[in-house]
Amino acid sequence: SSYWGSGADVVHYAYLSQRYSAIAREHTQQGLNAERGTQLELERQRLQLALRENKLASVQQQGKWVEAQIASLTTQTDRGLVMTLGDVLFDTGEAELQNSANRTVLKIVQFLQLNPKRRVRVEGYTDNTGGEQ
1 SSYWGSGADV VHYAYLSQRY SAIAREHTQQ GLNAERGTQL ELERQRLQLA LRENKLASVQ
61 QQGKWVEAQI ASLTTQTDRG LVMTLGDVLF DTGEAELQNS ANRTVLKIVQ FLQLNPKRRV
121 RVEGYTDNTG GEQ
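The numbering of the sequence shown is full-length UniProt numbering, which starts it at 1 and goes up by one.
Among the hints, a few may not be true.
To be verified - Here are the computed distance ranges between Cβ atoms for each label pair:
{"#": "1", "residue 1": "A50", "residue 2": "R118", "range": "33 to 39 Å"}
{"#": "2", "residue 1": "A68", "residue 2": "Q98", "range": "22 to 28 Å"}
{"#": "3", "residue 1": "K64", "residue 2": "V105", "range": "36 to 42 Å"}
{"#": "4", "residue 1": "Q39", "residue 2": "P116", "range": "21 to 27 Å"}
{"#": "5", "residue 1": "Q29", "residue 2": "G5", "range": "31 to 37 Å"}
{"#": "6", "residue 1": "T38", "residue 2": "V66", "range": "39 to 45 Å"}
{"#": "7", "residue 1": "T129", "residue 2": "A71", "range": "33 to 39 Å"}
{"#": "8", "residue 1": "R103", "residue 2": "L81", "range": "38 to 44 Å"}
{"#": "9", "residue 1": "V82", "residue 2": "N128", "range": "23 to 29 Å"}
{"#": "10", "residue 1": "L73", "residue 2": "T38", "range": "49 to 55 Å"}
{"#": "11", "residue 1": "Q39", "residue 2": "L81", "range": "50 to 56 Å"}
{"#": "12", "residue 1": "A50", "residue 2": "L81", "range": "55 to 61 Å"}
As the list claims (entries may be wrong) - In the DMTMM-like style, the derived pairs of lysine to aspartate or glutamate whose C-alpha atoms are separated by at most 25 Å in a straight line are:
{"#": "13", "residue 1": "K55", "residue 2": "E67"}
{"#": "14", "residue 1": "K55", "residue 2": "E41"}
{"#": "15", "residue 1": "K107", "residue 2": "D91"}
{"#": "16", "residue 1": "K117", "residue 2": "D127"}
{"#": "17", "residue 1": "K107", "residue 2": "E67"}
{"#": "18", "residue 1": "K55", "residue 2": "E43"}
Worth flagging that the hints you see were computed from the coordinates, not collected in a lab. We put the beta carbon where it would ideally sit given N, CA and C, even for glycine.
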């Protein structure tokens, strides 16, 4: 025979060969996992960008809708811009706003957010019902 070694050497070299093959497979898998991780990170960034763009478009659309709603409530007069909000924000004899008045107050808030330099004067009327407070 041309081999110089014992049967134990053959077993040892076979074991080393198997281990080197396993290391090579793990190294290849590690590279594939790193590449997949990079792809997933790029996909995550793409999705985050798409989400931000959609949120921005939604906010812009909502802003246009709010502006249209406010424009429908306003009239230019010699006193300036008059916004008519409706009436009956208080129950008779009460000084607290009704819950339904929140939408009306929100319209004022939105108008002021869109027009931060505007000066505002709120006018209204009351009845003579209720106690003095």
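**OP:** Decide if the proposed pair is consistent with the structure: K55 and E67, CA atoms, cutoff 25 Å inclusive.
**Re:** holds, 18 Å
**OP:** Quickly compare the C-alpha distance for K107 and D91 to 25 Å and report which way the hint goes.
**Re:** Distance ~20 Å between K107 and D91 Cα, so the pair holds.
Subject >> Cβ distance range 36 to 42 Å for K64 and V105, holds or violated >> reply: At 21 Å between Cβs, range violated.
Subject >> Hint check for A71 and T129 - Cβ pair distance inside 33 to 39 Å >> reply: Between T129 and A71, where Cβ atoms are some 35 Å apart, the hint holds.
Original post:
Does K117 pair with D127 here, judged by a C-alpha cut-off of 25 Å?
Top reply: At roughly 33 Å apart (the allowed maximum being 25 Å), D127 and K117 break the hint.
**OP:** Take a look at whether the Cβ-Cβ distance between L73 and T38 falls inside 49 to 55 Å.
**Re:** Given a distance of about 53 Å, which is inside 49 to 55 Å, the answer is holds.
**OP:** State, for the Cβ atoms of V82 and N128, whether the hinted interval 23 to 29 Å holds or is violated.
**Re:** At roughly 26 Å between Cβ atoms, N128 and V82 fall inside 23 to 29 Å, so the hint holds.
Subject >> Distance restraint evaluation - T38, V66, Cβ atoms, bounds 39 to 45 Å >> reply: holds, 42 Å
Subject >> Supplied distance hint 50 to 56 Å, evaluated on CB atoms of Q39 and L81 >> reply: Hint holds: Cβ distance 54 Å, inside 50 to 56 Å.
Subject >> Pairwise hint evaluation, E67 against K107, where the allowed Cα distance is 25 Å at most >> reply: OK: K107 and E67 at ~10 Å, within 25 Å.
Original post:
Is 22 to 28 Å right for how far apart the beta carbons of A68 and Q98 are?
Top reply: holds, 26 Å
Original post:
For the pair supplied as a hint, K55 and E41, is the alpha-carbon distance within the 25 Å limit?
Top reply: holds, 21 Å
Checked against the numbered hints listed earlier, the structure breaks hints 3, 4, 8, 12, 16; every other hint is satisfied.
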